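As you go down the protein sequences, you meet chains A and B in turn. Per the numbering used here, numbering through the first sequence is continuous, rising by one, with the last residue being 453. Per the numbering used here, numbering through the second sequence is continuous, rising by one, with the last residue being 1257.
Quick caveat, the hints were computed from the structure, so don't treat them as lab data. Only a predicted model underlies this, so the values are computations on that prediction, with no experimental measurement involved. The beta carbon of each residue, even a glycine, is placed where N, CA and C say it ideally should be. Be a bit skeptical, because a hint or two may be false.
[What the hints assert, rightly or not] To give a feel for the contact side, a few chain B residues facing chain A, derived at Cβ under 7 Å: (1) 1054; (2) 1078; (3) 1094; (4) 1096; (5) 1108; (6) 1111.
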Amino acid sequence: MTTATLEAPQESEIKPDDLRAQIEQLSRSNGEPDWLLAFRLASLEQALGMEWWTGQEESWRRTPRDRLPRRARVGHVSGGSNGTPISVPQHVFAPDAHAGLVHQIDGRVAASDLDDQASAQGVIILPLSEAARSQPSLMQEWLGAVGPPLDRYDAFGRALWTQGVFVYAPRGAVLDESLFYLITQDVQQGDHWHYTLVVAERESQVKLIDGGDANDRRAQLDETPLIHGSVELIAEDGAHLEFASVQRWHRQSAAISTTRGRVGRDASIRVTTAAFGADLDKQRIDMDMSHDGGFAEIRGLFVGDGKQHIEHVTRQHHKGVGASSDLLVRGALTDESQAVQYGLIRIEPEGQKTNAHQTMRNLLLADGAGADPIPMLEIEADDVKCSHAAAVGPVDPDQLFYLQARGISSEDAERMVVRGFLAEIADGVPDAHMRDVIDELVEIQLETKVTAP
Amino acid sequence: MTATPPLFEIDDLRVSVADKQIVNGLTLSLRPGEVHAIMGPNGSGKSTLANSLMGHPRYTVTGGDVRLQGESVAEMAPDERARAGLFLAFQYPTDIPGVSMINFLRRAMSARRGEEIPVREFRQVLNDVLGRLQMDEQFVRRYVNDGFSGGEKKRAEILQLGLLQPLVAVMDETDSGLDIDALRIVSEGINTFHSDDNAILLITHYQRILRYVQPDHVHVLIGGRIVESGDASLAEVLERDGYEPFMERTSEGVLTS
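Just need the whole structure built from these sequences, with the hints factored in.
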């Protein structure tokens, strides 16, 4: 299965005045407070002052940049302000049990709820524009608090978002069930900019599962949809935040996400991402370990097919004493799909007693598939424990033989091994139903691709 | 000798690994209900024989044939051989992280039967065999062979033997790495499985498992071929005198041939 390459231009001229006007209109129609419009416009100015890339940056040089739309425009919002009813499609990630949920379809809110236990503790999960109206001071305090945008897409994302979610767990709040943020890419034409902000106050515990799905993801489009997600995760001292993101966007999409975590003292952030759809999926994950005793975990899994390009650019940035971080990326690649992992562990001189590790493993299931894992260490402290491991190779023939020796066909054996290999990553997703969904998506993605050796 | 047709025949089998001939014309015939032991020193071709019987792609059959119930399996893929009723208990079972034993066992049983085994029946058979092997039910929640001790791995092989009910079981050094208690339990597992309808080929370096699993025939494997066959007493001769006398005989044989 190959994806059609688009002939349409991937670049459109950026007209600052038009963009400013569009943003003002969007902000007004959302009923946003003035500070938020100011935030959007300031982000726009930052974006306008940046290049898309020079191509020399470590974070961009391995990306097939000709497949990325260089575009900035306010995305399509279905239904619009006149409230035209739209159908609510079944979402592939719809949860069994959950503490709260926001579901948006092309920017329009399709569902939003929160259970009694969560609301009694003061937990908030709201569409971002609604939170800006009902929780202005909280949102103003935290939006963009992780630091300035990392690149031009990230900056445009802060300016142009038409959908997003705000999750807030007050001090000491503890949720057993996960919160869900679901996005449906319904009308395929047009770009999507979404923004996720999660704040876990001191000693709180919160889990958010972010699921992106597309209707009719194989419809032939004449333009590459750009899907950008800005994700900001803040765990204050002693808080534990878990975030899982699973996407199955339209096959022709270019999906770029920037996920940034700020880990407080003795706090933890665990991020698990699973990439299935999109022609190009580029995830940038950046963990700020400035505080002592923090812990961060980044787990990534993917199954590539066709000509998909799947890229992880990660940074574990240590400044605190005695903090730990762990990166685990695992993927399986069929057909002519390609993967890149560029993982940097950076330890500043003050980051003594750091424990930081990286493991990248790529299974190649076809001759045309390829992977390029690049672990990097920049260590300026002298008392640290760091390790990295990177592997690219086929499925272990001894594992296949063992399963075959028990009567299991070579195709089934390969699928079992790959599913098992990825299940170890999916184990990091804090919801049993979601783990099953991921396993199913792995199975679907592998179904027609695995060929007998 | 009875008139019963052989269940499993190895006929002048020749196997090479990376262009090196390891099995050099081995012939052996197992009838239903029989236990055969092949004993040989290190490097005599024991593991090559075991793996090639199951069709491991690393081993190339350069001559001869292997027949199960009169039908050649030499051209079959490993999974076809297994479904036809051949079983290999691995000397070094492979760990497969992320794949649970219970899922694996159910898939394997369904494959052997040619149809999906109902959950309830599977649970029943599984618990039955687990109990016989004195294995905890939690065991099957673990990933296949992942983090298993040597003894647990061997027990897991016998568990599969009991569940899959093959016609012919090739046991590759199943006794190695087992303490005396584990050896007894594993041997009991083999004996419970054994019936008049199946046959067992024990491949071993040492004689000690043969105290628990009584062989009808013992063969000495040197240099990739059988140099001597006898009854159970041959194993005692080997235990007493070692392989040395047989090795000398082979080198003479090679020189004169």
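Do the hints match the structure? See the list:
{"no.": "1", "hint": "1054", "verdict": "holds, 5 Å"}
{"no.": "2", "hint": "1078", "verdict": "holds, 4 Å"}
{"no.": "3", "hint": "1094", "verdict": "holds, 4 Å"}
{"no.": "4", "hint": "1096", "verdict": "holds, 5 Å"}
{"no.": "5", "hint": "1108", "verdict": "holds, 4 Å"}
{"no.": "6", "hint": "1111", "verdict": "holds, 3 Å"}
Hint compliance for this structure: every hint is met.
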